[in-house]
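*Asks:* Once you have looked at the hints, place chains B, C and D with the ligands on chain A.
Residue numbers (my numbering), protein chains in the order written: chain A, 61 to 383; chain B, 61 to 383; chain C, 2 to 327; chain D, 2 to 327.
These aren't lab readings, by the way, just hints derived from the structure by calculation.
Not everything, but these chain A residues come out facing chain D in the computed CB check (under 10 Å): (1) SER160; (2) GLY165; (3) ASN180; (4) GLY184; (5) ALA194; (6) PHE197; (7) LYS198; (8) LEU199; (9) ARG204; (10) GLU222; (11) LEU224.
This structure is a prediction, so every number in the text was calculated from the model and none was measured. For each residue, glycine too, the CB sits at the ideal point set by N, CA and C.
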Amino acid sequence: MAKVEQRASLPKSDLHDVLREMLLIRRFEEKVEERFRAGELPGFLHVAIGQEACAVGVCRALEDGDVIASTHRAHGHTLAKGTHPNELMAELYGKQEGCSHGYGGSMHLYDVERGNLGANAVVGGGLPQITGAALAFKLRGEPRVALAFFGDGATNIGTFHEALNLAQLWRVPAVFVLEDNKWAESTPESQHSPIRDLSERAKAFGMKTLKADGQDVETVYKTARKALDQARRGDGPVFVHLETIRFTGHYIGDPQVYRDRDEVRKLRQERDPIELLRGKLEVSDEDYAALDAEVSEIVEASVEFAKAGTDPAPEDALKNIYA
Amino acid sequence: MAKVEQRASLPKSDLHDVLREMLLIRRFEEKVEERFRAGELPGFLHVAIGQEACAVGVCRALEDGDVIASTHRAHGHTLAKGTHPNELMAELYGKQEGCSHGYGGSMHLYDVERGNLGANAVVGGGLPQITGAALAFKLRGEPRVALAFFGDGATNIGTFHEALNLAQLWRVPAVFVLEDNKWAESTPESQHSPIRDLSERAKAFGMKTLKADGQDVETVYKTARKALDQARRGDGPVFVHLETIRFTGHYIGDPQVYRDRDEVRKLRQERDPIELLRGKLEVSDEDYAALDAEVSEIVEASVEFAKAGTDPAPEDALKNIYA
Amino acid sequence: MPELTYREAVRDALARAMRQDDDVFIMGEDIAEMGGSMGVTAGMLDEFGPERVRNTPISEMALAGAAIGAAVQGMRPVAEIMYEDFLTLAAEQIVNQAAKHRYMSGGQVTVPVVFRTQGGAGWSPGAQHAQQLEAWFVHIPGLKVVFASTPEDVRGLLWSAIYDDNPVVFFEHRTLYPIKGDVPQEIEAIPIGKARVHREGEDVTVIATGRLVHESLQAAEEAERDGISVEVVDPRTLQPLDEETLVSSVKKTNRAVVAHEAVTRMGFGAEVASVLQYQAFDWLDAPIERVGAKFSPLPFAPVMEAFVVPHAEDVLAAVKRTVGKA
Amino acid sequence: MPELTYREAVRDALARAMRQDDDVFIMGEDIAEMGGSMGVTAGMLDEFGPERVRNTPISEMALAGAAIGAAVQGMRPVAEIMYEDFLTLAAEQIVNQAAKHRYMSGGQVTVPVVFRTQGGAGWSPGAQHAQQLEAWFVHIPGLKVVFASTPEDVRGLLWSAIYDDNPVVFFEHRTLYPIKGDVPQEIEAIPIGKARVHREGEDVTVIATGRLVHESLQAAEEAERDGISVEVVDPRTLQPLDEETLVSSVKKTNRAVVAHEAVTRMGFGAEVASVLQYQAFDWLDAPIERVGAKFSPLPFAPVMEAFVVPHAEDVLAAVKRTVGKA
Ligand SMILES: Cc1ncc(C[n+]2csc(CCOP(=O)(O)OP(=O)(O)O)c2C)c(N)n1
Ligand SMILES: Cc1ncc(C[n+]2csc(CCOP(=O)(O)OP(=O)(O)O)c2C)c(N)n1
Ligand SMILES: [Mg+2]
Ligand SMILES: [Mg+2]
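Here chain A stands alone, though its shape is the one from the complex (with noise of 0.2 Å):
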């Protein structure tokens, strides 16, 4: 997950390694849903199966020393922005080897030292932080940007514009990713929000807006890119919105009686952002499986080291709440 240099566009060679990080996510992903259904990890677990194009093509697009706030669906985000997965699965089976040391579990996923902010349990939680940590930039004259991943189920809480809101208001570094997946949970689009361009939500602050499909990660990539520059060249906030389909239950377990499965059975098929990059870098089928084995050795391996990792002790409890 090297980070590449900075251009407009990604070269052949990155688009290779991109494919190999959103497959990596994936396997990732499909190993959790295992590992939970074995009854191996603990908690509430979300993941963002079909939404990888998002995250690998926004976080190729930051910059050292730009931060990022997640969601409850982090893996994803938490992997692209360079969390090693043996860091990431310890910390879903709650080891001390895990990025939060076993403090926070698959909802608050934390890695400052990659500049990952943290990941939020509570919708829109992040984003004025994002708000403030760009102002922090801006203050200091930094050339950071500050970005927030949120849902479209996000868009209607007071906190998303609030936190819009004051950042266009004061013009910091600051960029909102919307993966507008169209649900929150069981709840379609159509039954949170009143308007079918969740884009408006952000032009009502004068927020600058840019939309791409979220399954063609180059297009990500590039918005993101052209976002990251605007805000970091002091021309104030952008707005992200990426469209995108959540391909599994909002959480593990989620027997999804609210939705469709042929349709979802249909997007699986057409509008795989892994399957679409590969058909697009004719990757044949055997260096596809060469890449497969590869990644999936690594999600493997990281199993074997969060089992192999260390409990933290009871009393542990009572450490780090307090600086």
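*Replies:* Coordinates of chains B, C and D with the ligands only, in the frame set by chain A:
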């Protein structure tokens, strides 16, 4: 303050009544300022001098059974919605005869019988409740509308966005009236909103918006009527954007160090809603003086009434906590 | 006597009220097709339709406020806040609006709204999905606060809450949803403000709420083996508080333990202990013990989580301390 | 020793920190040109400019969150919430975010933010502008909570709060702004977690916060005329709590009164009483008295308002009860 018949615009005879009502509010507010400065009124007081046309124009357009929620700047709304000046003044003096029986005060004026669900001292606090009242009307199939007043400052708080979103999503019979006086306390609109046309914030929810000159009471009336008609018809909520002017400080006693005095003086000269209507109706100086004397007497009497009112017993504080 | 789970008991109260009364409706995030994140309202959409089983967008403030607004118009809405942690988002409406309208209007307004919510540790949800915040609402005059621990209680108390003319914050505990218990054939209102003595005893009174009621009953059994006779009382409603039952129990046993899952510091147990030391001062033979979560956010890793929140053994240890057998 | 008002003392701490440290800045509604609704930040815009004295829109949630976000990046923001009542709007960010980031990240994140706020009755603001909500935040691990009662304390404690690496909720009381007191020439940090003994006494300990410190000192003088010697202690920081000072005072006097303006039920006094009865059980000669607001929202009419909140006479009456002279 008799209710007019339902029609799209006001006949001249009604306009005289409207003038009288606006002047009554003006004199009432001036009296409140005077009595506050004399040390007679406890608490925290905000007058609406300059904004009389908004209160009167909108409330005239309401029908029996409609309900309103007001703000910290509530005297005008309360009078326009039919509360007798005596009851309002008595409340400001903390008397049992007051419209909230001495429990509420200036920022918590209620008159439920007349459809006033209460002033609210929390900016934005009343808005979701208006959505909820309108929902009740819709669920019960009643041809009633719920209407919220609020200021430009209130359009920044999450509550506002959540309440409008819900109202539009559910297409409830609600009307949201923005009294845009361009100030939130000492903060000019340019310092609290990145956009210049606050209607955009309602459009972001797909809500129908109507804009009007809030100093022209006829226009206000017609606009409110239109909004109420649409809401009552079941065509969903409407956002009414009234541009208005706060002629005084934010609160009584505000030295307004942040504001250009000459500009205020000019606005007062040119844009006084009462003077504008008086000019339009060509009221002679004599008639105007008579009108003024009449309303001033009512206001004076309200002070007498209030002062002669009954102080609650201390232990009354423990009543009305639970039903 | 039919047997219901705690989950079914909640649903039964909601459904019966909705059947008998058009003014009652429910609203919340994902309560319709999905039946709520805990499955409490499963099936209700089919029976009552989307107007009365209203999915809301993610906007806790507006959904709480809309429920209040509808209640003021005479409806009896039951609004679900998916996790107690999100009460922090609706607090303004509950605390400044629902609790105070009646008062500020000098008695003109009635606000018959229920805010149902749930929380609780024991399944590693992490720090933002399992707080126990009931104490906050006990501090707010104008609200009633209920926290039921059994299927019978949760059904009868929810019924009372729905028909109460005041705003009620109604706490459920996630780990209790599957527990079973007998309930009367016909629904019976359980009065708000009456504690329940779950078990009589002579030596120590344990006053417990929510999950800790069950932990305390278990601790009581274990204590009995050591010859300690424990009375277990569940206040059930935290506001109003049935001080009389609590105090008279302690006057009998002369010792008290207060147990809840919430953080001990400034938790509901502090209020109970303060009331008891005041009203039963001369009867107390030992300091009142408080059992609650340690002073920490909830950690994710199961071993740490289990360490932070209290269990039967913590109640037992406290019981033993009060009788000097620690 | 210069004399400052409580208001000036707050301003002095802010201004000195901003002069010495570029990372410190203040934000809040109307804090710039207007100097805040209580005039606390008057004149600061001129000295520090609008980037560091930031007016915000009316959006308590975002302003709290933005302060947190900037703090995580190493700034030391002081965010003003105009009235405590509006903490209900920022509660999510303070409680779920600021308080828990460090913990949930396993120690990676530091959140050196201060939330200044004020409230208090005595001027008929009505029910939504004078609540005292400090107890809520004492219940939340990860936060520190300060409530200072004198110019010297408020300055030294605010200084400590600004330089503390944890989120601090800092309560001021509206009616204290004009009171005057001596402060050291050079600013001295007052450690968070140390109570202050305002007055030594032998018969009863009164533990008071905020405005009630002054009422209690007055009550103590009146009690003295009746031959009752009262010790008055101000914890000053409610979280962490200096239990040692409180407990050792009560072990000396054998009687305790806890006094604050907040509603008694579930107020901070409940926690103090619980700690005292536990740690000083064998020393207590009388039940611990709690003095606080009656169980009611704040009414508007001055006579009712005065009835609801406690005054020196209420403290005095409680003191007398503890010594059996009621
Ligand atoms: C404030 C808040 N309310 C409710 C929830 C419960 N919840 C968790 S995820 C979710 C849906 C979020 O939808 P969206 O923002 O579209 O993200 P997605 O799950 O689609 O990635 C809800 C309601 C929450 N975590 N926070
Ligand atoms: C949530 C909240 N934050 C802050 C305040 C303090 N406050 C009272 S009025 C006001 C300004 C309101 O501005 P606007 O909405 O434009 O109404 P106007 O005063 O102009 O009528 C503020 C900040 C409040 N009452 N509620
Ligand atoms: Mg979504
Ligand atoms: Mg305004």
